[in-house]
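Which chain is which? The protein sequence lines are A and B, in order. Just so we're aligned, residue 1 is where the first sequence starts under the numbering used here, counting upward by one. Just so we're aligned, residue 601 is where the second sequence starts under the numbering used here, counting upward by one.
Calculated directly from the structure, the hints in this document are not laboratory data. Careful: at least some of the hints might be erroneous.
Simulated restraints, written as ranges between beta carbons of each label pair [said to hold, decoys possible]:
1) B:Val833 to A:Ala321: 16 to 24 Å
2) A:Gly374 to B:Val821: 27 to 35 Å
3) A:Ala75 to B:Leu677: 52 to 60 Å
4) A:Arg404 to B:Ala680: 42 to 50 Å
5) A:Pro481 to B:Arg685: 51 to 59 Å
6) A:Glu392 to B:Val833: 26 to 34 Å
7) A:Ala92 to B:Ala785: 48 to 56 Å
Sample of chain A residues lacking proximity to chain B, with all beta carbon distances greater than 12 Å (derived) [said to hold, decoys possible]:
8) Phe25
9) Gly51
10) Trp80
11) Arg103
12) Asp240
13) Glu285
14) Arg301
15) Arg310
Anything over 10 Å on all C-beta distances counts as not near chain A; from chain B, calculated [said to hold, decoys possible]:
16) Leu609
17) Leu719
18) His761
19) Lys823
Backbone N, C-alpha and C define an ideal beta-carbon position, used for all residues, glycine too.
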Amino acid sequence: MRAQAVLAAALLLATAAAPLALPEFYVTLLNYIGLATLVTLGLVVMTGVAGIVSFGQQAFVGIAAYATAGLTTLAGLSPWAGLVASLAATAASALLLGAVTLRLSGHYLAIATIAWGVAIYYLFGNLPLLGQYSGIDNVPPVSLGGWAIDSGRESYYLIWTFTAAALVAERNLLASRLGRAIRALRFRAVMAESCGVDTASLKLLVFVHAALLAGLAGWLHAHFLRFVSPHAFGINAGIDYLFMAVIGGAAEVWGALVGASIMTILKEWLKDWLPAFSQRSGNYETVVFGVLMLLLLHRARDGLAPVLARLLPEGARQRPAQVAAPAREAPPPAGTVLLEVHGLGKRFGGLVAVRDLSFAMNAGEILGLIGPNGAGKTTVFNLVGGALAADEGEVRLKGSRIDRLPSREIARRGLRRTFQQVHLVSRMSVLDNVAIGAHLRGGRGALAAMLRAERDEERTLLSEAARALDRVGLGEHLFEPAGSLPLGSQRAVEIARALAGDPQVLLLDEPAAGLRYGEKRALAALLDRLRAEGLGILLVEHDMEFVMGLADRLVVMDFGEKMAEGLPDEVRRDPAVIEAYLGGEAGDRGQKNLKPETGS
Amino acid sequence: MSADIVLWLVQDGITTGAIYALLALALLLVFAVTRIIFVPQGEFVSYAALSLGMLQTGQTPGTVWVLIAGGAIVAVLEGASALARREPARLARILAVYVAGPLAIAALARWGAAHALGLWAQMAIVAALVVPLGPLLYRIAYRPLADASVLVLFIVSMAAHYVLSGLGLVIFGGEGLRTNPISEARFDVGVLKIGAQSVWVAGASLVCMIALWLFFEHTLVGKALRATAINRVGARLAGIPAGLTGSIAFVLAAAIGAASGVLISPIATIYYDSGLMISLKGFVGAILGGMASYPLAALGALGVGLIESFSSFWASALKETIVFTLIIPVLLWRSLASRHPAVEDEEE
């Protein structure tokens, strides 16, 4: 921590002193780097972290630059009014573009941003009001209480104040409740939905906020250069910004600074050197950038920031302080019906995965759902949890229908699930992964997160997450990357994440798979305690010993239908069940196989 | 607007639309088989058009250098992998295919530039120059990342576009070229004078589409490509090698690009950087058609050609803005048509 603070202070001092020591040329270069960092910062969060690819950020820079240039030169307004107009214009256009594309697969947005960037470029270039291809000049400088910021050195302080503030704000955002959800968007959106995250709205938020950073850069661009023209906002500028984000990588926000610096300096350098090789003028540097990008994507897809991060001193994280648990709804008394499934059916094309399935589960009960591979158990989980839409039948949670609801709404009503194939954000710490489960127990927005005004709430969420991890026996592994744990522990993290949501109904998909004997006993003890606390637990499990010893009742499925239901002992003796498990001759071996074996 | 102007615009729109349709088919084919949003498709068009233009002015097309360099890179990559697998016997074949092959084509192009050949012979040379670029590009840029996500492959495409368009500037220069038409004849149809080149474009596009359809329906390789498009893992398990289907898709894409290039070059001036705009119009067409159906993509691309033609009449300066803004209402419609928002995980 000390070393980090010293490093940060030195960096701040160097940044503040740079324009006093450097020639004008370098100050201008640093100004360009600052502007590019702002745009790239939005892309690092949006593309690198959240997986939303845009090649059209230059269009947002352009819209903002033209909005402020137009208002200040044509209408004579103050640049500060121009700032408001710039941000409003970028937000509105990003909302429109995001709303029509973010519901579709990711590549539609990426193509749309290219098309939109081209459209905007030609619009700027052809509107007489905006000066066509020669643009608008004589844009007034920003003035601050009578001080006109009209030199490169003065602009440097304006630009870098905004850039540094944005870097800190984005870092804070990613370290918050919303930030954890954003970090799950790219590879684990299905999981995030199951924890109550509205991923579609969150993607829109991320997209609009990246556009606003680009808009801020556009406003600064117009008042620093004092003129705007379409050439700065061509499609290649958009590609360059994305490349900067790829160079920096997704791991750290300061990757934006790394990527923007490398590209901007390289571009300047190539401008000097390339004409020496060829008499023709033109965009030869694209060859160099393209080759570099290919090499990077082939050799170091995560960008350069992780490589550089290894050189930096590492700050130790402290275990979150124990905070009193937030008030919670009293669990329903044992025996209340929690979950009812009636006549459930699902087809995939010609395959009937689930047919006319009905069962009910009470509070304070563990209901085992068993059956041979391919019987449709996981499909039932996806139908009940809302990850799939049922074709027929209904599902009720505490009496109200949930079968038409998306999984995030079902999560809000107190049902949580784990996934058979673990769905963890592998690079995020175990604690952060589990805290996603507590997403709905907080409600502060992005702005509060950027300003760190939500620390009280954050403490509660992290404390709840740590408590859930203690319960599954992983209290010693809070800060390890989730992907580094053995598979059995990863399953336990899944359970902890579900518990962090304070559910009343828990759906566990093969939680004991891959666990060792001792771990299984610990898991059984945990589920036993949860049952005593009044939770209803639906358990899919292949380990017969585990499920027979634990479940109050069993539902047996085969070929998508219910073939038996009852107490474990009844089910074990059911000839149809034995036949389904062993195929054909049900003999002594079958009996033996279904019997719970006493420890070994 | 009089009726003959409308007719003329329709004819003009269908001519360019037919080219966009060909490109939309190629883009869709590559996406279906490899999941690559193949932005550099347009570079095949500009390379073919400009190579033909250089041949017609008696110059050796600079494309030969790209071909030789691309072949050399693949030879190194393949050679290294052959040595790593202790199969030195493969080296001779690698040298023959990736070094001697491009050199032979380059020699042919040089000879072709020095002799006043007929248009068809020149087109054949252009095809020999441009079509191999497809599989070479696939091998160098995409195959090592075949398991990456759609979005990573998209970024690779933009990088490849940067390299190819930058090299285009180096080898062709900044000047645009227009080539000789296949035929200068004009037919009077009522009030219209239809250029023979337009008829050639429409006819050749139609022939290409029929050939593609026959290929997919009636050949084993075509069926293998369709199988890969429907289920990649399943196709691989059935013994269809993913790298091979990818290469074949790129051969087809480059061939379609080369055909589009030689067809469009007599009716439009092509520059080294025209490729991106041409590709994008193909994409708008493919998206209009829902990015899944070949006939709809072709119709969508035809629509793009018509809209472009009419908007260049009404608001010539805003032509590109209109064509590219069109994508927003189309995506809105598709977005509303899909009831559930796509909650999907990118492959890690």
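Against the structure, the hints come out as follows:
1. B:Val833 to A:Ala321: 16 to 24 Å: Once the Cβ atoms are compared, 48 Å apart, the range 16 to 24 Å for alanine 321 of chain A and valine 833 of chain B is violated.
2. A:Gly374 to B:Val821: 27 to 35 Å: Given about 34 Å between the Cβ atoms, the range holds.
3. A:Ala75 to B:Leu677: 52 to 60 Å: Given a distance of about 59 Å, which is inside 52 to 60 Å, the answer is holds.
4. A:Arg404 to B:Ala680: 42 to 50 Å: violated (57 Å)
5. A:Pro481 to B:Arg685: 51 to 59 Å: violated (34 Å)
6. A:Glu392 to B:Val833: 26 to 34 Å: holds (30 Å)
7. A:Ala92 to B:Ala785: 48 to 56 Å: Because 53 Å falls inside the window, the suggested range holds.
8. Phe25: holds (26 Å)
9. Gly51: violated (5 Å)
10. Trp80: Per Cβ check, tryptophan 80 of chain A is outside 12 Å of chain B; nearest 30 Å; holds.
11. Arg103: violated (4 Å)
12. Asp240: Label violated. Min Cβ-Cβ 9 Å, cutoff 12 Å.
13. Glu285: violated (7 Å)
14. Arg301: The claim breaks: arginine 301 of chain A does not keep its Cβ more than 12 Å from every Cβ of chain B (closest is about 7 Å).
15. Arg310: About 21 Å separates arginine 310 of chain A from the closest Cβ of chain B, which puts it past 12 Å; holds.
16. Leu609: holds (20 Å)
17. Leu719: Non-interface label on leucine 719 of chain B holds, nearest chain A Cβ at 29 Å vs cutoff 10 Å.
18. His761: violated (7 Å)
19. Lys823: The assertion about lysine 823 of chain B holds, with a minimum of 21 Å to chain A.
Consistency note: the structure conflicts with the earlier hints numbered 1, 4, 5, 9, 11, 12, 13, 14 and 18.
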